[in-house]
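Visitor: Chain residues, written in single-letter form:
4 protein chains.
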Amino acid sequence: MLGNRKKYIVNGNSGIKAQIQFADQKQEFNKRPTKIGRRSLSRSISQSSTDSYSSAASYTDSSDDETSPRDKQQKNSKGSSDFCVKNIKQAEFGRREIEIAEQEMPALMALRKRAQGEKPLAGAKIVGCTHITAQTAFPVFAWKGESEDDFWWCIDRCVNVEGWQPNMILDDGGDLTHWIYKKYPNMFKKIKGIVEESVTGVHRLYQLSKAGKLCVPAMNVNDSVTKQKFDNLYCCRESILDGLKRTTDMMFGGKQVVVCGYGEVGKGCCAALKAMGSIVYVTEIDPICALQACMDGFRLVKLNEVIRQVDIVITCTGNKNVVTREHLDRMKNSCIVCNMGHSNTEIDVASLRTPELTWERVRSQVDHVIWPDGKRIVLLAEGRLLNLSCSTVPTFVLSITATTQALALIELYNAPEGRYKQDVYLLPKKMDEYVASLHLPTFDAHLTELTDEQAKYLGLNKNGPFKPNYYRY
Amino acid sequence: MLGNRKKYIVNGNSGIKAQIQFADQKQEFNKRPTKIGRRSLSRSISQSSTDSYSSAASYTDSSDDETSPRDKQQKNSKGSSDFCVKNIKQAEFGRREIEIAEQEMPALMALRKRAQGEKPLAGAKIVGCTHITAQTAFPVFAWKGESEDDFWWCIDRCVNVEGWQPNMILDDGGDLTHWIYKKYPNMFKKIKGIVEESVTGVHRLYQLSKAGKLCVPAMNVNDSVTKQKFDNLYCCRESILDGLKRTTDMMFGGKQVVVCGYGEVGKGCCAALKAMGSIVYVTEIDPICALQACMDGFRLVKLNEVIRQVDIVITCTGNKNVVTREHLDRMKNSCIVCNMGHSNTEIDVASLRTPELTWERVRSQVDHVIWPDGKRIVLLAEGRLLNLSCSTVPTFVLSITATTQALALIELYNAPEGRYKQDVYLLPKKMDEYVASLHLPTFDAHLTELTDEQAKYLGLNKNGPFKPNYYRY
Amino acid sequence: MLGNRKKYIVNGNSGIKAQIQFADQKQEFNKRPTKIGRRSLSRSISQSSTDSYSSAASYTDSSDDETSPRDKQQKNSKGSSDFCVKNIKQAEFGRREIEIAEQEMPALMALRKRAQGEKPLAGAKIVGCTHITAQTAFPVFAWKGESEDDFWWCIDRCVNVEGWQPNMILDDGGDLTHWIYKKYPNMFKKIKGIVEESVTGVHRLYQLSKAGKLCVPAMNVNDSVTKQKFDNLYCCRESILDGLKRTTDMMFGGKQVVVCGYGEVGKGCCAALKAMGSIVYVTEIDPICALQACMDGFRLVKLNEVIRQVDIVITCTGNKNVVTREHLDRMKNSCIVCNMGHSNTEIDVASLRTPELTWERVRSQVDHVIWPDGKRIVLLAEGRLLNLSCSTVPTFVLSITATTQALALIELYNAPEGRYKQDVYLLPKKMDEYVASLHLPTFDAHLTELTDEQAKYLGLNKNGPFKPNYYRY
Amino acid sequence: MLGNRKKYIVNGNSGIKAQIQFADQKQEFNKRPTKIGRRSLSRSISQSSTDSYSSAASYTDSSDDETSPRDKQQKNSKGSSDFCVKNIKQAEFGRREIEIAEQEMPALMALRKRAQGEKPLAGAKIVGCTHITAQTAFPVFAWKGESEDDFWWCIDRCVNVEGWQPNMILDDGGDLTHWIYKKYPNMFKKIKGIVEESVTGVHRLYQLSKAGKLCVPAMNVNDSVTKQKFDNLYCCRESILDGLKRTTDMMFGGKQVVVCGYGEVGKGCCAALKAMGSIVYVTEIDPICALQACMDGFRLVKLNEVIRQVDIVITCTGNKNVVTREHLDRMKNSCIVCNMGHSNTEIDVASLRTPELTWERVRSQVDHVIWPDGKRIVLLAEGRLLNLSCSTVPTFVLSITATTQALALIELYNAPEGRYKQDVYLLPKKMDEYVASLHLPTFDAHLTELTDEQAKYLGLNKNGPFKPNYYRY
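Chains as they are written, first to last, in full-length UniProt numbering: chain A, 1 to 473; chain G, 1 to 473; chain F, 1 to 473; chain U, 1 to 473.
Don't read these hints as lab results, they were simulated from the structure. Heads up, a few of these hints could be off.
Because identical chains share one entry, a pair is satisfied inside a single copy or across any pair of copies.
When the alpha-carbon atoms are kept at most 20 Å apart in a straight line, the in silico SDA-like pairs for lysine to any residue are as follows [claimed, not checked]:
id, residue 1, residue 2
1, Lys-190, Asn-160
2, Lys-375, Ile-100
3, Lys-332, Glu-104
4, Lys-320, Lys-462
5, Lys-429, Tyr-473
6, Lys-189, Gln-165
7, Lys-210, Lys-456
8, Lys-429, Tyr-471
9, Lys-89, Ser-68
10, Lys-72, Ala-91
11, Lys-467, Thr-200
12, Lys-462, Gly-318
13, Lys-320, Gly-464
14, Lys-429, Asn-463
15, Lys-430, Leu-440
16, Lys-302, Leu-440
17, Lys-274, Tyr-471
18, Lys-430, Tyr-470
19, Lys-192, Lys-213
20, Lys-302, Leu-447
21, Lys-462, Leu-450
22, Lys-429, Asn-469
23, Lys-274, Leu-233
Using the sequences provided together with the hints, build the complete structure.
Guide: Spelled out as structure tokens, the structure:
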């Protein structure tokens with residue numbers, strides 16, 4: 001993408017991680033798909049965008065095709081077989097999807113254009129593992145419905161390539177990094193850095209660093225300002241409404257809702273529901289976030305205080321067992337329960353798998369769990385992420401993430417010796433600001449420039465960075 | 001429903017009008033389904049709720065069944081053949097849907113319970129024609145995909161029944177009323193009144209009245225306060241977001257939107273989009289509504305002023321050619337155009353059917369119209385109602401409407417001679433208030449009662465009505 | 001104003017009613033000031049705007065001047081003595097205030113300009129009685145601190161004028177109308193109509209009409225759409241915050257507030273406080289307004305349910321004894337109690353005048369009422385209107401009212417014989433729309449005009465009226 | 001306060017800095033007042049709260065008393081003369097104000113109660129210099145109307161005390177620290193740390209640190225999370241409305257406003273004005289904040305683009321010459337210009353002091369600047385901070401600040417050797433969280449506690465801190 005390869009986006013199997021590759025004499029970006037198995041995603045992509053095309057696609061995709069992609073012999077138009085997908089014949093359909101997505105990702109396209117001149121990743125050999133959507137494309141190792149074994153097989157096929165060895169890692173969840181640590185530790189000698197975008201993956205990296213086992217620099221792009229705000233606050237403000245509406249067709253006005261957790265995700269959910277006329281209660285463990293909830297006009301309660309009266313329970317904590325069986329027992333009939341946090345353990349769904357309760361699947365992603373007295377709880381996505389399962393992630397958000405990742409790769413790859421040690425770093429603020437500035441034209445937004453006099457007065461460089469590192473936005 | 005029949009709801013073919021019937025020795029409610037053909041609906045029901053069940057339903061419904069329902073011989077479980085639907089075997093599935101809907105319509109159920117004692121419609125023989133959804137059920141004459149001819153055939157089968165003659169009309173759009181005027185004018189001798197719920201139907205009634213041709217009392221329930229607020233303001237506040245999201249997966253934050261018309265529908269759309277972070281412009285012809293838009297924080301513009309810069313154009317006017325080809329020519333690439341008003345003429349879609357423009361169906365309800373220079377306009381639902389085509393009407397809103405209709409029927413049927421003349425009436429305010437009060441328990445809302453002293457001070461009856469007729473809420 | 005006299009505005013004694021007069025050979029507008037005494041105002045003007053100038057004014061106004069204006073001999077610059085104010089020497093200061101106000105009332109100025117050509121009130125002799133503010137000026141009979149007796153004396157001096165008899169009445173509260181009914185009933189023979197702008201005055205007129213005693217047409221401008229929205233919804237949305245802040249310096253964020261009544265005033269208060277981060281509860285007697293509160297995101301409660309926990313109690317009902325001593329006894333320490341409704345009886349303040357409670361005036365308009373156990377209630381404006389006593393009415397709102405009054409006078413004065421009978425009328429919708437349109441330029445708002453084709457399609461005149469009379473906005 | 005002295009708050013001269021002292025055998029807190037002269041305050045306290053009492057106070061305060069407090073001989077009730085105020089006879093009035101303030105600062109009182117047992121500041125000798133308000137009291141060196149010379153004299157009187165030497169510094173603006181550096185550098189040998197709360201003071205400390213000249217640990221409490229949010233976002237959200245209303249009585253609905261700067265202050269201003277129905281434009285130099293403005297629904301523009309059309313210009317940048325004479329020349333008639341940022345240089349007021357422009361003081365804090373063609377600009381507070389000059393800082397915000405300062409003092413005073421070096425530190429997150437938790441009871445807010453299992457899962461201590469240092473809230 002940033003060397004002389006134009007695309008890095010594939011065939012639209014959503015909810016799937018992919019090892020990405022670029023193979024080129026100048027610069028390589030190894031990208032191949034694989035499934036995430038049963039692990040929880042920090043925040044991901046729903047099936048909707050591809051599902052929308054399901055009728056169009058169906059005539060090429062006979063549902064009774066039971067052959068594993070691993071057993072198929074496929075070639076792309078250039079004769080290459082270095083990929084593994086369900087059906088390479090859909091490549092043309094995928095190409096059109098890619099082109100539509102490109103139109104909606106002008107910032108990424110602007111970056112690509114600039115990179116075509118500067119070739120900041122010339123010589124880079126990148127192996128990646130991330131989610132595959134209509135917006136992220138290239139021949140990869142990935143298909144919908146991978147088994148756990150398939151998942152690791154795909155990863156291995158990307159890493160263990162005859163005559164090719166990566167010098168950069170682009171990871172999302174830490175599985176790829178984990179695999180190389182476990183199977184090919186010597187590979188790290190040539191690797192200049194890891195770019196990791198997920199909560200879970202970042203957590204693993206900090207643990208490695210703490211234990212003194214991190215052997216290359218790593219960049220935590222999960223916590224870059226721009227990505228955080230879009231992945232969490234702005235995205236969830238919209239997807240909570242979308243997810244609830246698509247699954248339940250409910251009306252928000254007048255509904256009583258409790259939102260567990262007032263981090264960025266919780267803030268987004270609360271703001272949206274309040275705006276739609278819901279009455280929102282908040283639970284928190286952190287007194288600072290709790291005080292924010294108060295000042296934003298939400299009653300701060302313990303879950304027990306309101307559990308009998310609310311119409312909707314939404315978890316946004318990143319914690320486990322926030323909604324317990326005891327809570328579920330006390331909810332009123334028709335109460336909707338869903339999860340917007342980062343794991344599938346926030347609601348103790350396992351506790352509902354008991355003989356006295358009846359599960360009834362009323363539509364895709366919607367279960368009624370029925371108590372002996374007839375009370376029904378409406379459980380969405382079986383407690384997995386609502387916005388992963390029942391909504392979509394807008395292209396714009398993916399553009400923010402992809403631009404951030406690309407800049408992190410460029411920074412790590414081009415950093416002079418010694419700038420980064422064997423530690424975990426946040427994206428330099430100036431690059432964070434650059435990601436933002438690339439996305440402003442979408443809104444026809446006009447930035448003001450400091451005069452020399454003003455820059456001097458403020459003690460700032462006219463081109464940024466504009467804020468101290470501890471600034472909270 | 002209000003006599004001794006329990007159900008008046010059918011099999012879940014949405015977007016369809018139905019003639020409703022109750023046939024009972026005490027009280028009859030003749031209800032049969034028919035298609036609306038190509039006429040525009042003032043505000044209606046989407047396909048989503050039934051579509052959600054399509055996978056469940058598909059195994060019983062072979063899509064290659066080309067036999068017209070009119071040619072089928074079907075019997076319900078009680079041996080009756082006085083209906084015409086696609087597949088009576090789905091009755092059981094429909095029954096379950098009805099039961100779920102009942103849970104979500106407690107106000108209507110409360111009214112039914114009360115009516116079971118009082119039997120306010122004993123002796124009533126009601127023929128009706130309205131939209132059929134998961135929430136409105138009973139053996140009817142209706143199926144999805146009716147032709148214009150089918151539509152009128154269904155109406156006729158409901159009206160022209162051997163040994164049965166209606167004494168009340170429940171209409172939605174005025175087609176049923178029109179048919180009886182045209183074919184069976186003598187029937188009006190026994191008819192005690194018409195209840196009409198649509199803009200179009202009410203308009204026709206006022207014209208009949210003006211022309212001195214209205215021969216029975218009619219009640220305009222379209223303009224009852226409670227129904228208006230829910231059908232328009234509250235419902236559209238949610239469905240504009242839902243409709244846009246389901247069709248385009250777009251992000252609302254930062255988008256520039258122009259909303260044409262600041263009536264109740266426009267107010268709902270503007271409030272929702274503003275809350276989601278869109279920048280909203282408004283156009284209006286009425287200076288009072290225009291001033292309201294200003295005070296609510298929207299720039300009041302002519303469409304021409306902003307047409308080049310906006311990302312979304314939404315019409316909510318009830319007018320025609322609000323968005324012309326000239327406007328469409330000037331929109332920027334990827335601009336989304338949709339209609340939330342009451343007709344399909346607000347956007348001049350016909351003007352886009354010219355050779356130099358290419359239409360590309362990118363998914364259900366979404367067309368890209370492509371200009372010779374490559375510019376694409378995203379047209380939703382071909383200019384028909386977005387919330388009809390791409391969103392759903394919540395059960396709660398249907399409950400408001402159904403309760404209003406039922407009370408209007410009761411009022412007209414039981415009114416003493418002379419209370420209503422051959423004219424069009426609004427629902428008495430006290431009944432409007434009663435509809436509202438029946439729906440308050442859903443929100444666990446507790447109404448305050450006037451003390452005797454207070455009622456006297458205000459010059460009000462403690463049980464209402466509480467406001468003068470010109471009160472605007 | 002609308003004939004050939006330019007000003008109808010006086011010297012800035014706020015919170016005072018005035019009899020307005022214009023005396024001119026072509027057209028007369030008799031306007032003289034008088035105090036409102038102890039009666040409650042429906043909605044009025046605070047002292048702030050004049051108070052702001054008190055230091056500037058103080059050197060001309062020796063506070064020890066105890067002479068009643070009635071005993072002073074004063075002449076204006078033209079030698080006339082047909083007025084009674086505190087100090088005519090402040091006329092120049094008043095003139096400057098008038099000029100500033102004119103700048104902020106462009107709609108009224110536009111109307112005046114048009115009237116200077118058309119002279120629609122030529123021949124009119126108008127006697128008026130209304131509130132005097134910085135925005136309403138002319139030599140009048142009015143001063144701050146009038147006694148009840150002064151008030152009626154001033155009225156009489158305006159009505160009972162040698163060689164001059166009014167033919168139009170402009171009233172606000174009905175006192176002037178009442179006085180003429182009582183003292184000079186024969187005067188009505190020449191009077192063409194009454195324009196009344198207050199709730200109370202309108203109520204009296206409807207009673208007169210009901211009793212068959214109304215002997216001239218009267219126009220209820222209180223209930224014109226534009227005036228209502230500005231006087232209540234838009235004005236109170238701002239003045240509730242202003243009134244609370246000026247008196248208590250409190251922070252709104254996180255505060256629990258109960259608003260009694262969800263009419264236009266209550267809606268404005270609730271919207272503002274919610275936006276500032278307060279948690280708002282609502283009480284209502286009318287189920288329709290109650291349902292609106294629910295859909296707007298407010299818990300509908302009985303006052304008893306929340307009285308122990310709230311930080312602020314606001315009444316907006318128009319009712320009496322909404323907050324009783326029992327409620328006051330149960331409020332928590334430091335609870336703030338105030339009234340935004342139309343009477344001073346909403347809070348049972350009299351019940352607090354008991355020996356065991358101590359009253360402490362902590363600043364202007366703020367009393368601490370202290371219970372034996374030390375609990376303090378913060379009572380604002382002694383239960384009178386908060387926005388009358390502790391906030392201001394923006395010039396823009398006064399402009400709306402004055403324009404509405406002027407158009408009502410013009411309509412009644414010029415109406416052909418028989419258009420208006422001895423009854424109470426609402427302002428014709430077209431004039432209501434005209435008031436709105438005159439105020440749009442302030443917001444640089446651009447109205448769209450119907451094409452001929454569209455007007456025909458809608459069955460409307462291109463110049464309005466645009467809505468049926470029952471339209472609720 | 002936190003040893004065995006109960007009060008640290010004085011007589012209510014607002015807008016004044018004070019040197020605070022406690023003198024006690026166990027623990028000392030030296031606190032004396034002084035004026036800030038012409039330097040800019042980062043964020044401060046208005047005169048309103050005391051002004052409200054001006055009439056009450058006036059009879060004791062003869063305005064013609066021209067004797068400087070420095071020349072007066074005064075004694076407090078205990079016979080001490082170690083203070084310098086305008087009139088010690090008002091001590092009783094001040095005492096009552098203190099008691100009212102205490103009721104509104106329960107968090108601070110809770111901390112005091114705890115400290116009375118633990119005596120965490122036993123032995124501390126604190127010299128302080130900060131703003132004096134009704135909420136911050138004790139015999140001090142401070143009066144309203146100090147000259148520059150008075151200001152430094154007061155500081156010196158606090159520092160240079162016979163037989164007493166401070167071991168802690170509590171500063172606000174850095175003047176006290178500067179004075180000791182300059183005059184008594186040896187004093188730092190005994191000083192255990194500096195607590196600084198202002199932007200300016202913190203900036204100076206970082207410069208000292210960078211230059212290697214900081215000789216004791218310093219704590220930057222300005223950037224503690226809780227204080228930042230309240231000082232800026234929450235406080236300004238309310239004070240922008242209050243400041244504009246008190247000075248201009250304007251209506252917000254429909255007004256076009258441009259807010260320069262979208263930091264916390266700008267975010268607060270924008271949110272409030274948007275909620276009141278204003279149309280808000282934003283200017284920014286930082287692309288991240290700019291993108292936030294877009295997503296929050298504000299058009300991002302350069303000031304030039306909208307300067308001709310806006311009704312209000314508000315600066316919130318901390319920068320200089322943001323509004324230039326060129327901008328002022330292009331504003332429309334009656335445009336209001338004000339500053340909410342941290343300096344008085346944001347608006348180039350000096351550029352308006354030219355002969356062709358006429359200044360007219362229309363009321364306190366409001367100037368009309370009149371162009372030769374009659375155009376008037378309404379300049380508030382002569383470009384100084386609007387919320388300092390024309391609004392108030394709620395007690396709750398002062399409580400947050402005071403609690404933060406007290407905890408910072410305790411932390412620095414009790415920290416084990418080596419924890420803090422000669423550098424600038426942020427308040428430890430756990431203490432920041434403690435400040436927040438102390439303020440939750442005000443809102444009847446109930447915090448959730450982690451279970452042991454949850455704490456383990458999250459890798460957190462159950463008592464916090466709950467977030468990594470880079471968390472942005």
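Visitor: Next step is simple, just say for each hint if it's right about the structure.
Guide: How the hints compare with the structure:
| no. | hint | verdict |
| --- | --- | --- |
| 1 | Lys-190 x Asn-160 | within (14 Å within a copy, 65 Å between copies) |
| 2 | Lys-375 x Ile-100 | between (46 Å within a copy, 12 Å between copies) |
| 3 | Lys-332 x Glu-104 | between (43 Å within a copy, 13 Å between copies) |
| 4 | Lys-320 x Lys-462 | between (45 Å within a copy, 14 Å between copies) |
| 5 | Lys-429 x Tyr-473 | both (12 Å within a copy, 17 Å between copies) |
| 6 | Lys-189 x Gln-165 | within (11 Å within a copy, 60 Å between copies) |
| 7 | Lys-210 x Lys-456 | between (40 Å within a copy, 17 Å between copies) |
| 8 | Lys-429 x Tyr-471 | both (10 Å within a copy, 15 Å between copies) |
| 9 | Lys-89 x Ser-68 | within (16 Å within a copy, 38 Å between copies) |
| 10 | Lys-72 x Ala-91 | within (16 Å within a copy, 45 Å between copies) |
| 11 | Lys-467 x Thr-200 | between (28 Å within a copy, 15 Å between copies) |
| 12 | Lys-462 x Gly-318 | between (39 Å within a copy, 15 Å between copies) |
| 13 | Lys-320 x Gly-464 | between (40 Å within a copy, 17 Å between copies) |
| 14 | Lys-429 x Asn-463 | within (11 Å within a copy, 31 Å between copies) |
| 15 | Lys-430 x Leu-440 | within (15 Å within a copy, 37 Å between copies) |
| 16 | Lys-302 x Leu-440 | between (40 Å within a copy, 13 Å between copies) |
| 17 | Lys-274 x Tyr-471 | neither (28 Å within a copy, 25 Å between copies) |
| 18 | Lys-430 x Tyr-470 | both (14 Å within a copy, 16 Å between copies) |
| 19 | Lys-192 x Lys-213 | within (15 Å within a copy, 39 Å between copies) |
| 20 | Lys-302 x Leu-447 | between (43 Å within a copy, 7 Å between copies) |
| 21 | Lys-462 x Leu-450 | within (6 Å within a copy, 46 Å between copies) |
| 22 | Lys-429 x Asn-469 | both (7 Å within a copy, 16 Å between copies) |
| 23 | Lys-274 x Leu-233 | both (14 Å within a copy, 16 Å between copies) |
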